[in-house]
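Engineer: For reference, the chains in residue letters:
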Amino acid sequence: MRVEVRLFASLAECAGWRVASIDPAPATDVGALWDLLVQSNPALSRLGSRPLAACDRTWVEWNHPIEGVREVAFLPPVSGG
Amino acid sequence: MRVEVRLFASLAECAGWRVASIDPAPATDVGALWDLLVQSNPALSRLGSRPLAACDRTWVEWNHPIEGVREVAFLPPVSGG
Amino acid sequence: MVRLQTVPIDVARLWNELRADSDGAIAQFLGVVRDSNRGRRVLHLDYEAFTEMAEAEMSRIERETHGRFAISEVALAHRVGRIEIGEVSVAIVVAAPHRAPALEACRFAIEELKRRVPIWKKEVFSDGEIWIEGAGERRVERNPSAAETDPDQA
Amino acid sequence: MVRLQTVPIDVARLWNELRADSDGAIAQFLGVVRDSNRGRRVLHLDYEAFTEMAEAEMSRIERETHGRFAISEVALAHRVGRIEIGEVSVAIVVAAPHRAPALEACRFAIEELKRRVPIWKKEVFSDGEIWIEGAGERRVERNPSAAETDPDQA
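So the protein sequences, as listed, match chains L, G, S and U.
In the numbering used here, each number is its position in the first sequence, counted from 1, plus 21.
In the numbering used here, each number is its position in the second sequence, counted from 1, plus 21.
In the numbering used here, each number is its position in the third sequence, counted from 1, plus 159.
In the numbering used here, each number is its position in the fourth sequence, counted from 1, plus 159.
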């Protein structure tokens, strides 16, 4: 299984990429997937607390399962308006 | 002593006049002055409850004294906006 | 900025005049003439004002709004005379550095204007006219012999 | 009506499109790009959106606003890309028969938009850029090696 992972704003600039197709194993939820990303991109940990997450364009909690999800987005706290 | 009395909106249409110079005696407050007007214009009593009042362009209560006032306005409940 | 005017209210111009580069928020309320009231078709409205007192009262509301909220500017504009369906009868525009005071000041100003400013509207129908007086809408027909209180509104 | 757009927001046109003759109230909020933030002079802003989700979230807010308030229409428009000082970044316009629901729906929609819609702004200064993230404004310098949390905003 692979999921499409998307990063935005400071997260994308920090990681140096915006979209990637990733095999999430062994992560089974969104929080564990973020931890995987931080392992391979240590700069992401400098941003402080964990970002927000959305699965298939809907806000989710960190324990949201990845099973059946096509796209996981990691999002800084929003600042539109 | 004379005061300038002004009527607006339905009150003016009902009385048939908008401004008059009136000797308020024996009335000494705004409420008594209104009662005098109703005596000489019985149609005004058909409007139901007493209107609002302003002395010299400021809202006042019914017991506001007339002494020293140049202009007394009787006003229906407002409906601007 | 306070305006009682017979010509149409130019809203975009109002807020261009108000806004400064240090303002991040503009809140605005417009009252517009509706085509009906309680099922009766309105042709147009006629607004009458006690002009001198209305301007004084609007200026007092302007000052009170500045005193209560962290805003840069507030404009109160009201039109008088004949106003057609769809035209703006009243406009409140507030410019402020931030949104919460802008929105709260806008609401305060329109509520105070409707409560305190001596202006009255008359609805004109194809078969008559009615003064709207007060929030309770005591209605008074123009012909004194027909004057009555609308029992629905008492 | 929901719009995420790179071209300037034409506010007068928005409310002319929304308004019907049965509406007596139009409430509007505009966010405008300010020339400074915490004493630092801003040259312009760059807004980035997660476009597909932002549009979906704005549509959800539109539906929720209709569900909560007695309104006729609500428009949410947000601009993305580079925006100059004094330009409108966000517009909420509500048309309703009466003023209380118009004002309350306008406030609800802008608060929800700011809380939930995935859009981020970057302030561009003469000597650098800063992402504004969240109400608490955690600021992240562009260069990862300079990334830090602003102690004033923690």
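These aren't lab readings, by the way, just hints derived from the structure by calculation.
C-beta atoms are modelled at their ideal positions from N, C-alpha and C, and glycine is treated no differently.
You may find that some hints are simply not true.
Now the stretches of chain S that chain G is said to cover, found in silico as 3 or more residues with beta-carbon under 8 Å [said to hold, decoys possible]:
(1) 201 to 209
(2) 237 to 250
(3) 264 to 274
(4) 279 to 287
Derived DEER-like restraints, expressed as beta-carbon distance ranges [said to hold, decoys possible]:
(5) U:223 <-> L:92: 18 to 26 Å
(6) S:246 <-> L:84: 51 to 59 Å
(7) G:79 <-> S:229: 22 to 30 Å
Engineer: Indicate whether the distance between the beta carbons of residue 246 of chain S and residue 84 of chain L respects the range 51 to 59 Å.
Structural biologist: Given a distance of about 55 Å, which is inside 51 to 59 Å, the answer is holds.
Engineer: Count the residues of the region 264 to 274 of chain S with a beta-carbon closer than 8 Å to any beta-carbon of chain G: does the count reach three?
Structural biologist: n = 4 at 8 Å, threshold three: holds.
Engineer: In terms of beta carbon proximity below 8 Å, does the region 201 to 209 of chain S have 3 or more residues touching chain G?
Structural biologist: Check passed, 4 qualifying residues.
Engineer: Tell me if chain G covers the region 279 to 287 of chain S under the three-residue, 8 Å CB rule, please?
Structural biologist: holds (count 3)
Engineer: For the region 237 to 250 of chain S, does the count of residues with a C-beta closer than 8 Å to a C-beta of chain G reach 3?
Structural biologist: Check passed, 3 qualifying residues.
Engineer: So does residue 223 of chain U sit 18 to 26 Å from residue 92 of chain L, Cβ to Cβ?
Structural biologist: Hint holds: Cβ distance 24 Å, inside 18 to 26 Å.
Engineer: Quick one: are residue 79 of chain G and residue 229 of chain S within 22 to 30 Å, going by C-beta?
Structural biologist: 28 Å, holds
Every hint from the earlier list agrees with this structure, and none is contradicted.
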